[in-house]
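Going line by line, the protein sequences match chains A and B. Numbering-wise (our numbering), the first sequence opens with residue 1 and increments by one. Numbering-wise (our numbering), the second sequence opens with residue 1 and increments by one.
Some clues are possibly wrong.
[Said to hold, decoys possible] Computed cross-link-like contacts, DSS-like style, restricted to lysine-lysine with a CA-CA straight-line distance of at most 27 Å: (1) B:Lys281 <-> A:Lys212; (2) B:Lys283 <-> A:Lys139; (3) B:Lys178 <-> B:Lys105.
[What the hints assert, rightly or not] Here are the simulated distance ranges between beta carbons: (4) A:Glu215 <-> B:Lys178: 20 to 30 Å; (5) A:Glu61 <-> B:Leu222: 20 to 30 Å; (6) A:Met107 <-> B:Phe293: 39 to 49 Å; (7) A:Ala51 <-> B:Gly188: 34 to 44 Å.
Hints are computed from structural coordinates only; laboratory data are not their basis. In this text, all values refer to a predicted model and were calculated from it rather than measured experimentally. The C-beta atom is built at its ideal place from N, Cα and C for all residues, glycine as well.
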Amino acid sequence: MTRTIFDQQLTEIQEEMLLLATMVDSAIERSVTALKERDVELARRVISDDARINRKRYDIEESCLEVIARQQPLASDLRAIVSVLYIIVDLERMADHAEGIARIAVMLADEPPLKPYIDIPRMAEICRRMLIASLDAFKDRNSDRARAVCNEDDEVDALYDQVYRELITYMVNDPKTIERATHLTWVAHNLERIADRVTNICERVVYLVEGKISELNVSTY
Amino acid sequence: MTIAESQPVPIAPSMTYRDVLAEPASADQLPSEEEVLADGLAVRRLSAWYASFRALRDVSLLISPRHVTAIMGPSGCGKSTLIRCLNRMHEVAPKARASGEVLLKGENIYSPGADVVQVRRRIGMVFQRPNPFPTMSIFDNVAAGLRLHSAFLRRSAVVEIVERSLRQAALWDEVKEKLNQPATQLSGGQQQRLCIARALAVEPEVLLMDEPCSALDPVATLKIEDLMRELARELTIVIVTHNMQQAARVSDYTAVMMMDEDRAGQLIEFGNTSQVFTTPKDKRTEDYITGRFG
Chain A
1 MTRTIFDQQL TEIQEEMLLL ATMVDSAIER SVTALKERDV ELARRVISDD
51 ARINRKRYDI EESCLEVIAR QQPLASDLRA IVSVLYIIVD LERMADHAEG
101 IARIAVMLAD EPPLKPYIDI PRMAEICRRM LIASLDAFKD RNSDRARAVC
151 NEDDEVDALY DQVYRELITY MVNDPKTIER ATHLTWVAHN LERIADRVTN
201 ICERVVYLVE GKISELNVST Y
Chain B
1 MTIAESQPVP IAPSMTYRDV LAEPASADQL PSEEEVLADG LAVRRLSAWY
51 ASFRALRDVS LLISPRHVTA IMGPSGCGKS TLIRCLNRMH EVAPKARASG
101 EVLLKGENIY SPGADVVQVR RRIGMVFQRP NPFPTMSIFD NVAAGLRLHS
151 AFLRRSAVVE IVERSLRQAA LWDEVKEKLN QPATQLSGGQ QQRLCIARAL
201 AVEPEVLLMD EPCSALDPVA TLKIEDLMRE LARELTIVIV THNMQQAARV
251 SDYTAVMMMD EDRAGQLIEF GNTSQVFTTP KDKRTEDYIT GRFG
């Protein structure tokens with residue numbers, strides 16, 4: 001080991017990315033809880049926290065650019081930096097989806113509940129599990145694990161499909177539910193997009209480990 | 001002007017979408033043995049010694065015609081020995097010898113009948129430090145090699161070749177007014193380009209460059225690198241460098257060498273430069289280029 005400072009910078013960047021992922025995971029969890037519990041206060045916190053997530057993403061981006069400019073990373077170091085640059089964008093966009101859910105939670109808080117929430121929290125749970133697993137795969141440089149995570153996206157797609165059909169049925173049966181049901185399809189759509197973005201992270205893990213850029217799972221939506 | 005009035009600007013006017021799709025994935029592309037035997041330089045099981053010390057062990061390498069091949073590796077790994085074997089300069093050192101084959105367009109330059117002077121004309125070399133002949137003018141420096149190889153050239157032909165070589169070396173505009181001045185008046189970067197012009201004057205097929213920029217400043221270095229890319233349209237270029245960024249910038253293919261346990265140089269990886277710098281196959285290459293070795 002002859003590049004102590006560089007190694008330290010590389011480690012820091014990856015740790016900061018994992019911290020960002022933790023913030024995003026929490027945003028997803030709190031946005032769906034806020035929806036379920038009709039907790040406007042919590043939803044507003046998710047919305048205001050999004051600015052912190054954005055700032056963190058730009059900080060990490062700057063650190064990456066600095067390391068590229070000053071240390072000229074190559075081989076697996078270069079792949080790690082490039083992967084981080086892509087992953088932070090996906091993470092930041094996931095947080096935007098969570099913020100979208102929180103905004104809907106605020107809007108729906110004053111409305112009578114349309115139905116008990118079962119599939120939506122289930123979708124959120126799978127998304128969070130996928131997110132954490134994708135970052136574990138990143139930490140462990142495990143491309144097989146990353147590929148396995150992608151397969152779970154199908155489960156999210158299936159749930160989205162189910163929620164969507166169910167909400168359409170509500171709308172057809174009772175036009176007064178259209179607004180609420182539409183909002184809930186947006187929630188489900190946001191979660192479906194989050195899962196897709198996790199597959200992007202998995203693609204980066206495969207690139208990081210194997211050097212191959214490939215599309216792992218083409219979502220139905 | 002409003003947006004509606006402005007003309008749409010094509011993003012990549014020289015390339016259509018179809019072209020983009022048609023471009024082959026080249027990351028793992030390697031020179032084919034067939035093209036190298038027809039037109040390039042093929043190295044087969046090359047070993048080299050200085051007296052009893054073995055400096056190279058069984059190096060085999062395909063050097064693609066009209067491309068730049070970089071040879072990289074830590075100090076003492078045999079890079080310079082290898083490149084010096086490629087035009088039989090190695091044997092100039094006392095007690096130095098080599099075994100194996102180096103095939104230029106399919107012909108072994110080490111075969112008993114090979115003419116060493118011809119070999120060195122066809123495979124030219126540029127060294128680490130610019131080494132113009134100090135007592136000669138700029139013109140005579142370029143003409144020197146010509147006079148050695150073709151003594152009966154008419155003056156007008158020599159003038160023509162000197163100008164062509166200086167143009168090829170991207171030096172003409174800087175020296176055309178002072179061809180009769182001593183070469184030592186030129187800057188380091190200009191002197192190195194003069195040496196390249198001198199090498200080009202005899203119309204080599206291959207140009208070997210041993211750390212050609214290590215004595216130059218960054219601007220002069222980039223000029224030489226541009227020149228190498230330009231020359232690679234017509235010439236086969238082999239460059240030895242321990243400047244990794246330079247190898248990454250300038251070469252199409254990269255060979256990585258390392259010492260084995262007996263301190264003999266070995267080839268440990270050869271590949272397309274993009275592949276070597278982003279996804280090296282050998283762990284030792286990875287450690288070397290990421291700076292975690294030596």
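Is the hinted range of 20 to 30 Å satisfied by the C-beta distance from Glu61 of chain A to Leu222 of chain B?
-> holds, 28 Å
Lying within 20 to 30 Å: is that true of the beta-carbon distance Glu215 of chain A to Lys178 of chain B?
-> Check failed, 60 Å falls outside 20 to 30 Å.
Keeping to a limit of 27 Å between CA atoms, is the pair of Lys283 of chain B and Lys139 of chain A held or broken?
-> Holds. Lys283 of chain B to Lys139 of chain A sits at ~20 Å (cutoff 27 Å).
Do the alpha carbons of Lys281 of chain B and Lys212 of chain A lie within 27 Å of each other, as the hint requires?
-> Since the Cα atoms of Lys281 of chain B and Lys212 of chain A sit roughly 13 Å apart, the hinted pair holds (cutoff 27 Å).
With 34 to 44 Å as the target window, see if Ala51 of chain A and Gly188 of chain B comply at their CB atoms.
-> violated, 53 Å
Given hint Lys105 of chain B paired with Lys178 of chain B - CA-CA distance at most 27 Å | Violated. Lys178 of chain B to Lys105 of chain B sits at ~39 Å, over the 27 Å cutoff.
Kindly confirm whether 39 to 49 Å is satisfied by the beta carbon distance between Met107 of chain A and Phe293 of chain B.
-> Roughly 59 Å apart at Cβ, these two residues miss the hinted range, so it is violated.
The structure fails hints 3, 4, 6, 7 (numbered hints given earlier, in ascending order).
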